[in-house]
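K.L.:
As given, the protein sequences belong to chains D, B, Z and Y, one line each in that order. Throughout the first sequence, residue numbering follows our numbering, covering 158 to 638 in sequence. Throughout the second sequence, residue numbering follows our numbering, covering 158 to 638 in sequence. Throughout the third sequence, residue numbering follows our numbering, covering 158 to 638 in sequence. Throughout the fourth sequence, residue numbering follows our numbering, covering 158 to 638 in sequence.
If a hint is listed, it holds; no wrong ones were tucked in.
Which copy? The list can't say, so a pair holds if one copy fits it or any two copies do.
Keeping only pairs whose Cα atoms sit at most 35 Å apart, straight-line, the calculated DSBU-like set for lysine-lysine is:
no.: 1; residue 1: Lys222; residue 2: Lys561
no.: 2; residue 1: Lys352; residue 2: Lys323
no.: 3; residue 1: Lys373; residue 2: Lys489
no.: 4; residue 1: Lys226; residue 2: Lys561
No lab work stands behind these hints: they were computed from the structure. Predicted model only: the values in this text are computed from it and were never measured.
There are 4 protein chains.
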Amino acid sequence: MNKIHEECGVFGVYASETCNVASMTYYALYALQHRGQDACGIVVNDGGVFTAKKDLGLVGDVFTKETLKSLGHGKLAVGHVFAGTKGSVNIANAQPLVVNHVKGSMAIAFNGNLINKNELRNKLELEGSIFHSTGDAEVIAYEIIKERLKSPSIEHALVGAMKQLKGAYCIVVMSPTKIVAARDPNGFRPLCYGKTEDGSYVVASESCALDAVGAKLVRDVKPGEVIVIDAMGVRSMADHCGTAPMTSCIFEFVYNARPDSVVDGYSVHEARVEMGKYLAKKYPVDADVVISVPDSGNDAAIGYARESGIPYELGFLKNKYVGRTFIFPDQKDREDQVRKKLNPISSVVNGKRVVMVDDSIVRGTTSGRVVKLLREAGATEVHFMVSSPPFLFPCYYGTDVPDKSMLIANQHTKEEIRQMIGVDSLCYLDLEDMKKIATMGGKNGFCYACFNGEYSTEIPSPTTNKYEVKINIEEKTKRHL
Amino acid sequence: MNKIHEECGVFGVYASETCNVASMTYYALYALQHRGQDACGIVVNDGGVFTAKKDLGLVGDVFTKETLKSLGHGKLAVGHVFAGTKGSVNIANAQPLVVNHVKGSMAIAFNGNLINKNELRNKLELEGSIFHSTGDAEVIAYEIIKERLKSPSIEHALVGAMKQLKGAYCIVVMSPTKIVAARDPNGFRPLCYGKTEDGSYVVASESCALDAVGAKLVRDVKPGEVIVIDAMGVRSMADHCGTAPMTSCIFEFVYNARPDSVVDGYSVHEARVEMGKYLAKKYPVDADVVISVPDSGNDAAIGYARESGIPYELGFLKNKYVGRTFIFPDQKDREDQVRKKLNPISSVVNGKRVVMVDDSIVRGTTSGRVVKLLREAGATEVHFMVSSPPFLFPCYYGTDVPDKSMLIANQHTKEEIRQMIGVDSLCYLDLEDMKKIATMGGKNGFCYACFNGEYSTEIPSPTTNKYEVKINIEEKTKRHL
Amino acid sequence: MNKIHEECGVFGVYASETCNVASMTYYALYALQHRGQDACGIVVNDGGVFTAKKDLGLVGDVFTKETLKSLGHGKLAVGHVFAGTKGSVNIANAQPLVVNHVKGSMAIAFNGNLINKNELRNKLELEGSIFHSTGDAEVIAYEIIKERLKSPSIEHALVGAMKQLKGAYCIVVMSPTKIVAARDPNGFRPLCYGKTEDGSYVVASESCALDAVGAKLVRDVKPGEVIVIDAMGVRSMADHCGTAPMTSCIFEFVYNARPDSVVDGYSVHEARVEMGKYLAKKYPVDADVVISVPDSGNDAAIGYARESGIPYELGFLKNKYVGRTFIFPDQKDREDQVRKKLNPISSVVNGKRVVMVDDSIVRGTTSGRVVKLLREAGATEVHFMVSSPPFLFPCYYGTDVPDKSMLIANQHTKEEIRQMIGVDSLCYLDLEDMKKIATMGGKNGFCYACFNGEYSTEIPSPTTNKYEVKINIEEKTKRHL
Amino acid sequence: MNKIHEECGVFGVYASETCNVASMTYYALYALQHRGQDACGIVVNDGGVFTAKKDLGLVGDVFTKETLKSLGHGKLAVGHVFAGTKGSVNIANAQPLVVNHVKGSMAIAFNGNLINKNELRNKLELEGSIFHSTGDAEVIAYEIIKERLKSPSIEHALVGAMKQLKGAYCIVVMSPTKIVAARDPNGFRPLCYGKTEDGSYVVASESCALDAVGAKLVRDVKPGEVIVIDAMGVRSMADHCGTAPMTSCIFEFVYNARPDSVVDGYSVHEARVEMGKYLAKKYPVDADVVISVPDSGNDAAIGYARESGIPYELGFLKNKYVGRTFIFPDQKDREDQVRKKLNPISSVVNGKRVVMVDDSIVRGTTSGRVVKLLREAGATEVHFMVSSPPFLFPCYYGTDVPDKSMLIANQHTKEEIRQMIGVDSLCYLDLEDMKKIATMGGKNGFCYACFNGEYSTEIPSPTTNKYEVKINIEEKTKRHL
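Put together the whole structure using the sequences plus the hints.
P.N.:
Structure (C-alpha cells):
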C-alpha cells in the first residue's frame, strides 16, 4: 500500500526446439508480476517472424488462452512487465518494444533508468530520429541500431551502444536468431540466467521466474557483462565488466525482489530475516507478540521474533481478493481503505504489547492507519520496527520514489514520525547494520543512495518536457493498495 | 487448491438512514468472498423499490463503480456470495433471489442445504408452482410466501415456514420494510449480527464482514432463532430455539471461516492455533523448521511451532497474482499447476527436516505435489501434520465434498496415504483432541459428521433429477486452484 | 427514429433430427431483430435437457460462436427478441422464459399484450404464487402449468389456459418433446409456420424468419388456433378459432413487419406500395422528385412515384454504421442527431420540389428535423405524404405507443402539424383508403384502433404498480435512433 | 460483400476556439467509416499536448463516451479510419501516427499508396532509422522530419518531403500549432476542405464528413497542393500543382465514395445515375422491373430505370442488423451467407423479368448467389447490368484489389462469366461511356488503370518482405460481407 515500486521486469528464452515459448514467457511474467503491474507484453520469434501482444494491465488480464495461442510457437521469446511513473503509463510505452531496421526485426525489454536519456534523445532527434514513446527503451533501440550499421553482429552493436548509456539498465534484446542480454557496469538491477533440463536457456530479472519455468539458476549476469544465447549455447562478452564499481540496489533486498529469489547469490528471504534479527539485537523491547504488516514485513518479522524470543503471530488477515478491481464507491471510504484489505485478528493483539514489523516507511499514512487498526483491536502498545533506514533521497536508478516533499523521513524527525504514526516506539534499521547484512551475501558493492544520498554515478540535471503525448489514454488508477 | 468449499455467505443491512447501502454490502461481500466465488449479488431497497444486480463471477468482477451507482441509495440491502456444486453454477441460481408476491417484493439470501428440498419441491409443484432455479432459496421463498398469506407479518411467515425446513440453513430475508434473519435449529452454519456507531444494524455469515463495514459484533444468532430488524431496532423471535441440539459445523473452524472471524464466541484463528498445538503435543518430531501450506495451514503451523519449540518459517512464496484469470496454455502444464502458485524458499528448506502443516487432505493430489516441491528444494525430511481428522464422510449441511470415491482417506489407509503423498510421516489431529479444542470456545454441540459419520438429522435419500436446465450456460471452470 | 416499436418476435423449431438448432434460431432471430432490440434469448432442448442463453442486447451482441456452441445440439429450440417499454427492460423479463414444473421443463416465448394481466396476476398471487419478472409470459406460464395438472398434454393445457387470457398474444411453448404455438382469437399479432426441405418445422412471427432458415411458408396460424409440432408432424387444435372476430393489427403493414414478409397472405411490401399509390391518387402534387425517409418510407415512396409519374429518387444517404453504439458526446449534439444518420443528397433535392414519404408521424420532432435538412440542401418545396392516418389512440395489443400527450396528432390540428414540421403540404392516408388497401390482401378483419379508437376487446382499467423491481439494472438507453 | 475496398479516410480540424474537437472528429469518422473498417483513431491537440486513442475496430467500437471525454478539449485534431490489406491489420499500423521529434510532436493521417515505399524505407534504414509499423505513414513521417531539420516550418518540410514521394497520397499533418494537408500531384485520392459557421476549418477525404460536422464545402484540395490551416486561416502552397497530369481515381465514383459526397466538383450520386442511364441506352432489355443489389447498385439502378422507363423496385430487403458481429456457427452456412443479409421480396420478382444493377463484379461468387436467390423467388429472367467496365488490372494507388487470379474478368470471357453467374444477359458499362460520364463533372483527368491497365506513374517492382512483425495480433476476420 502506497509502496515504492520497481520499474519493470524482463525475461527472455531461447528454447532447445520450437515450442510454446509464449506459454513459458507467460509463466515467467506471472512470477515477475510484482515488478510491474501497469502493462506487459510477449514477443514470440518463429524463424525470424515476430508476433507480439502487449497491453496495459496485469498479465492475467492481457493474456487469455486465445491470445497466447495466436502468438504461435517459436524458439525465442522475450517478455516484459511494466511499472510506470505517473504520466508514462500508456500503450506506447508498453514493452517489449518491437522495431524493424535494416537488418530485420528486433525486440527489446528494458529495466532501469538511463541518467542521460534526455541527452541521447536530443542528439538522436537532431539527426532526424522520430520517437513513438517516451521511454528509455526506444532510445536504446536507436543506439543499438546505429551501432548495428557498423557492427558485425547484434551483440557487438549492443556492446557498442552501452558506451553511450549511463545509469541503471538490464536489457534483453531478441534478434531473428539470438537472445542478447546486458547488465549495466554498476549492476544496479538484478539479472540472471538459467537452463532447463531439455537445454533451453532463459534470462530473467529474478530467479523466481526461472523457478516458474522449471529452469535451474546458472548464475547472475555480471555487472557490465553481455551474454549471448543462440544456437551455439550461451557465451559471455564481458566487455564492460569492472569498468565501474559494483553498486547493486540494496532496495531489491528490502522490498523489490520476491523473497524466494536469489539475487547476486544471496537469498532475499534470508537477507530480510537478518534485517529483522539486527533490529531485535539493537532494539529489544518488552512485548508479547511480533507481527508483520503483510506481506512486506513477513520475512523480517520472522527474524525479529527468532532473535528476540517473542512469539511470532499472525496479526492481520489480508483479504486476498482485494486487488485491482477493488473500488471505493464513496470518496470518504478511500481514507479507510486499509481496513478493507487488512483486518486485525483481535485475539492475537487484544490486550497485548505488539511489535509490528514492516520493510520501510514512505509517506507514513498507511502505517498510521495500520497502527490505528491495532489500537482499535485492543493492542496496548505498538512498537514499530522498520527493516531499512529512513528513506531520504530520490532514486535515479529505476525505483519510483515520490518527491522529497512526500517522503516523511525527509520532512520530519524520527520523534515526529513516531507521533504521527501513533506508535510507542519507532526503530529503523541502522545503515551500518544494513551494510553488514548486505555483505553477508558474499559480495560487496551496493547502492544505498536512497538512504544516504551517495550516488555512484553523475545524476541528471532537472529538465522540462518539450512535448507531451498520451497514447490511448488509458492510464489506470493507482494500483498499489 | 482442490479444497473443499463452502456454499455461500449472506449479508443484510438496515441502515439508520438512507445511504449508500450498496457500498456497505459490497465491502461485506468482499470480506465474505472466501465463502463463495461463483456468483454474487446485491439487492438495494429504497422505500420498497428493489434494485438488484447479480451475476456469475467474483465481487470485483460483477460490481463496478457504475453498477454500484446504478443500485442507488436506500436503507435496506441484502447481499450474497455463491459457491455452487458442479451443475448448479448458472445465473438462475445466483442470489439474492428477488420475487414478487401478493404483499409486495421479497429478496432472500441463503446459506446451507435443505435435507428435504426434493420433498418440498415436489409438493409445491403438485400445487402448480413453477421454478426458475434449481436452488433451495426458491423452495424457501415459496414456503415463506405460502405462510405469508395467512400470517400477520413476514417474520411470522418465516417462523411458520421454518416448520417445513429440514437441514442446515441461514436465511436473510428483505421485505419492503424489514430485514429478517434466521438460523436453523441445529445452528449448522454461522450467523451473527452487529451494529455500527451510527445505529445501523447488519447481519452476516461471519464477523469479518461486520469488521469490513465498521460494525461491532453484538452476538451470534442463536440456533433456531429468528431476528427482525426494522425501524424499531432489533428484536428476537426465538421460536425454534432449543428444539434441536446445537450441532454447529466444526469444519468452519478447520477451514471454511476466515481466521479473523469469531464464530459462536470462539476466535477461528485461536481454534486453529490450538489444533496445531495439540498436534505438536501428540506428534512431536525431531525437525528443523515448521512451515505451513499457505494460507490454509498458516494458523495451525503457528500453533505447532509454538508448542514444539521448532522455529516457524516461511517455506513457500505464494504468488498473489495467480487467481481466476490464471490459465494453463498447455494441458500438460496443468499437472504442474501447484508450482505456478507456490514456490519453495530454498534457503528455508534446503538440507532441513521440515514439518509441513495443512488443515486437511481431500484428494491428496495437491499435497503430493507440494511435497515434491519441497523435496526438489532440498528438504531432507517432510513430516506432514494435518490439523483435522481424516475426511471420510459426505456433508449434507452445505459443505461441498467430493464423492466418497474421491476422498483419499475413504479409499486408503493412513500408511498408503503417507506413501502416496511421499512424506516421512503423516499425522492427523485426533477426533477426540478436536472435540476438546472445540469446547474451548465455551460452547458444546458440534457436527463432526464428515469425520465420524454421525449425522444429527435424518439424511436425504438419493434422488434422480427429473429435469435439467442450464440457464445462460456460463458455468465457470474450477476456481479453487 | 423515435418510431413506435413492436414488442417482440417469437420463433420455434422442431428439427427432423438432432442438429444445430441453436444456429437456426440465431439466423431466425437476426431476421426478426426489427421486432425487438432490447434483449434476446435461445433455449435448446436436447432430449429434454434445456440449455438457455438470454441477455440484454442485440442478437449479434448476445450470441458469439462460443455461446452458440455451448448451447449444444438438439431437435427443438425456441427463440425470442424483446422490445420493452420503459421500465421493463431488464434481464428478468428477457425471454424465452424457462421454468420447471411437476411434469418437467417448459420454455415459453411470447409476443403481444394481455389485457387482463393484472387480474390474472392478482389471482395467482392470492394463491401463493411468486413472480420473478413483471412480464406477461410468467403469468401465462402459471396458467398453463395450473392447467397442466389436470390436462393430458401440454397442448391441452395451453388450450385450457387460453380461456383465461384476454388480449393480443402469440405464444410458442416448448415442452421436453413438443413445440406448441398459439395465436389469440382476434389474431392481433402475426404468426406463421413453415417447413424445410429436410422435414423440419418452424414457427415464427414473420415469414422473413422462415426465409432466413431456408423454410417454405406453409400457412399462417389462424386466429384462435393452437398448432402442435412433435414427432408425428404438425397438427392443429383449432379450439378457439372463430370465437372472436379477426382483428389483426394494421400497423404491422404500416411499419412493424419487414417488407419482405407475407402476413396473413398479404405481402407487406405490396401493401405499402398500395398505400403510396392511394396517397398519389388522392393527393397529387406538382413536384420534381419523390423521395422516402429511409427506410420506413421506402416502399410507399415507390408506390407514390409509380402512381404519380414523378421520378423516384434517393434523397438521403443513411449512414449504415450509425447504430446502438453511436453516441453524442455533447448534449447539444443530440438535438442534431438526425443529421448524423441521414444526409441529403444535394444534387437530388437542390432547387427541387420534393415529395417526401414516410410511414407515420408519432411525435413529429424527427420529421421536422428531416425537413430542415432538405430545406438546407436547397429543396424549394417539401410535400410530406404519410402512408397511414393520424396516430391518435393508444394500443393495448402490444405496440408501444407514447402517451397521448406525446402524440402530435392527438394534440394538434393537421394545419398546426404542417407548420410545426415546416412543410408546404401534409397529407395523411385516409382511413377509408387504408381499409380498402387492407382488404386487397384477401382477408377482412383488421384492428385500426390506434387511428380510430375502436377497440375490439374490453380495454384495461388504469392500475398502479404495487411493487417495482429492477433486476440487473442494465436498462439500455433508447435505441430507436 | 466481397467488395473491393478503399484504404482509409482522413480528417483534420482547426477550430476557431478550444472546444470538443474530439467529438467533431468522431462524427466525421462515422461519416467516413465506409472508407475503412479495420481500425480508427483520433488525436487531439490542446496547446501542443497531444492526446491519442486508436485501436482496431469500428468507430463505434473504439470510441465510447468515456474515451472521447478522456481525449479532452483542444483546438486541433486529426482522425483516421483504416482499411488494411491482409497482414497489415494490426494496432501498430493504426493511425493517426503520433511521433515526437526535435521540434515537438506531430500526428499524421494518410490515405493512398506509395509506389516507392520500399526504396524510401531501405534508404532510411541504412541511415539507422527504426520502424514500428509496416505502413506508408511512418515512412512519410521520417521524410517530413528529415526535411524539418532544414526547413523553416512544418509546411515547408512537407513540401520538401513530397519531392521524395511517388504514388497516391492524401496526407493530413498536425503540428503543435497547425493542420497541414497535401494531395499528390496526380490527385489520385479525393481531399477537400470546408468551413463551419463559427469559423472552424476542416479537411477531409470526402465532403460527407464536412456535412457531418456542419461545415460547408469550400473546395477540393488541388492535385499537388499543400494547404496550411493555422491561426491565420487557410492558405495554399501550390508547389507541386500541375507537375503531373491529374488522374483522379474513377473508382471513387463507381464504388469507394459515398453517394452524398461531391468529389472534385461532381456529385457521386449523379455520376452513378449517369452510369445507369448509359447502360440503359446501350443495353436496352425487355423487362418488368429494375432492381439494385443494395446498397452498391442503388444509384445506378435509379438511372437505368429512369432512362429505360422500366419501373424501379425494391427487389431485396437488406437486413441492417447483419454487420461485423454476425457469425456463421456452421462452416457450411458460410456459403449461404448472402441469404442472411439479403432476402428477395417475392411479390416484386416472382414471375418477372428482372434487370439487376450492381456497381462491379470482382470475384463473381457473391453475384452468383444473389442471382440464385432471385431465381428461387420466381424471377423468370435476370439481366445483370454492371455500372463499370470489367475489372482487369491491379491498383497501385490505394484500392485493395485481389490478385489477378481472383478477378473473374481477368480469368474468364464475358460469356463464361454470364454462365457462371447464371444470368440471361450480362452487360458492363463501356469504358468509352465511362469516360464520357467522367468528364460530365467538369474536369478531365481520371485514372482508369484497373479497367485498362494504363498507369499514369511508374509501378512498383515486386518485392519480398524482409521481415514480418505482427503487433497485438488481433487481425479481424473479413468484414465486407
